[in-house]
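Take 1 as the starting number for the sequence shown in our numbering and just add one per residue.
No lab work stands behind these hints, which were simulated from the structure alone.
This structure is a prediction, so every number in the text was calculated from the model and none was measured.
There's no promise every hint is true.
Claimed, not checked - List of simulated lysine to aspartate or glutamate pairs, EDC-like, C-alpha gap at most 20 Å:
| id | residue 1 | residue 2 |
| --- | --- | --- |
| 1 | K41 | E77 |
| 2 | K67 | D37 |
| 3 | K119 | E108 |
| 4 | K65 | E165 |
| 5 | K118 | D161 |
| 6 | K41 | D98 |
| 7 | K149 | D184 |
| 8 | K49 | E108 |
| 9 | K110 | E133 |
| 10 | K86 | E108 |
| 11 | K44 | D90 |
| 12 | K118 | D89 |
Said to hold, decoys possible - With beta-carbon atoms standing in for the labels, derived distance ranges:
| id | residue 1 | residue 2 | range |
| --- | --- | --- | --- |
| 13 | N100 | K158 | 27 to 35 Å |
| 14 | K187 | D52 | 42 to 50 Å |
| 15 | N188 | V129 | 16 to 24 Å |
| 16 | E84 | N159 | 16 to 24 Å |
Just so you know, even glycine gets a beta-carbon here, dropped at the ideal spot from N, CA and C.
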Amino acid sequence: MLKKEETVLFKKHNIENYSKIKIEEIQNIKKINLRFDPNSKELKSITSKILDIIIPTIPNTYSEKEKQKIIWLGPNEWLIIDSEEKLDDDLLNKSLGDENASVTNISESKTILRISGKKTFSLLSKFLVLDLEKNLSNDHLCVQTIFLKVPILLVRNKNFDNIIEIDIFINRSHVNYIYNILIDGTKNLDF
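Kindly generate the complete structure, drawing on both the sequences and the hints.
The following block contains the structure:
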C-alpha cells in the first residue's frame, strides 16, 4: 500500500497570529460515497445498523456519532466520513447489494482543509456568494457550493468554544490552489 502523504504544500505562514485564522489539512480519513433509493426502508435500516448512525434525510445536514459522520449530498447520495478508518466498506457493499446500492471509497480523490477562527466566515465570504451566516448557522449543517470555479463541500463542525470550524471537502487536484487563495485572503481581514 502506498504511503499517504500531505496534499497541501504548506508554507511557513504564521496566519494565526495576525488574522485569527487557522488552516490545516486533515489527513488519513476514510471517505465513502454511498448511493441508494432513499425510499428503501430496508437499505436505510441496513446502513444504520452497520454504521450505528441514522442516515440524514434533511437536505444540507449530517448525522454524527463519535468519529463518524454521514453527510447528506442529495436525495439518494451521502458521504460517510470515518476519522478512525474502521469502517469496512466491503461489508457495507455486500450487505446493501451491488444492484441496489453503490458504495465507493473516494478517500484518495478528496482531501479536507479545516479552517477555524473567529473570522472564518469573513475569510470564506470573500470567495463565495453564499450567505454563510444563514446556510451554516449552527452545527450539523453543510452546503455544496462553488469556490472560484471549484466545486466544494462545506461542513460546519461541532463548536464547544464559540470558535467557528469549517471543513472544506475538495478534490486533491485543487487543494493547493484553494489553500494559496485562502492564505492570500487572510492578509487583509482586519480592514
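Status of each hint after checking the structure:
For the hint linking K41 to E77, the alpha-carbon distance of about 15 Å falls within 20 Å, and the restraint holds. Using a Cα cut-off of 20 Å, the hinted pair K67 and D37 is violated, with the two alpha carbons roughly 26 Å apart. Of the pairs offered as hints, the one joining K119 and E108 is violated, with about 30 Å between alpha carbons and a cut-off of 20 Å exceeded. Taking the CA atoms of K65 and E165, the gap is about 18 Å. The hint holds against a cut of 20 Å.
Between the alpha carbons of K118 and D161 the distance comes to roughly 11 Å, so the proposed pair stays at or under 20 Å and holds. As the CA atoms of K41 and D98 are separated by approximately 17 Å, the hinted pair is consistent with the 20 Å bound. Only pairs whose Cα atoms come within 20 Å are accepted, and K149 paired with D184 is accepted, the gap being roughly 17 Å. Restraint check: the Cα-Cα separation between K49 and E108 comes to about 26 Å, which exceeds 20 Å; the hinted pair is violated.
For the hint linking K110 to E133, the alpha-carbon distance of about 26 Å lies beyond 20 Å, and the restraint is violated. Of the pairs offered as hints, the one joining K86 and E108 holds, with about 16 Å between alpha carbons and a cut-off of 20 Å not exceeded. About 17 Å separates the Cα atoms of K44 and D90, which keeps this hinted pair within 20 Å; it holds. Distance hint between K118 and D89 is unfulfilled; the C-alpha atoms sit about 37 Å from each other, more than 20 Å.
At about 32 Å, the beta-carbon gap between N100 and K158 stays in the expected band of 27 to 35 Å. Against the hinted window of 42 to 50 Å, the Cβ-Cβ separation of K187 and D52 comes to about 44 Å, which satisfies the hint. Between N188 and V129 the beta carbons are some 19 Å apart, a value that agrees with the proposed interval 16 to 24 Å. Between E84 and N159 the beta carbon distance is about 21 Å. The supplied range of 16 to 24 Å therefore holds.
In terms of the numbered hints stated before, the structure departs from hints 2, 3, 8, 9 and 12, listed from lowest to highest.
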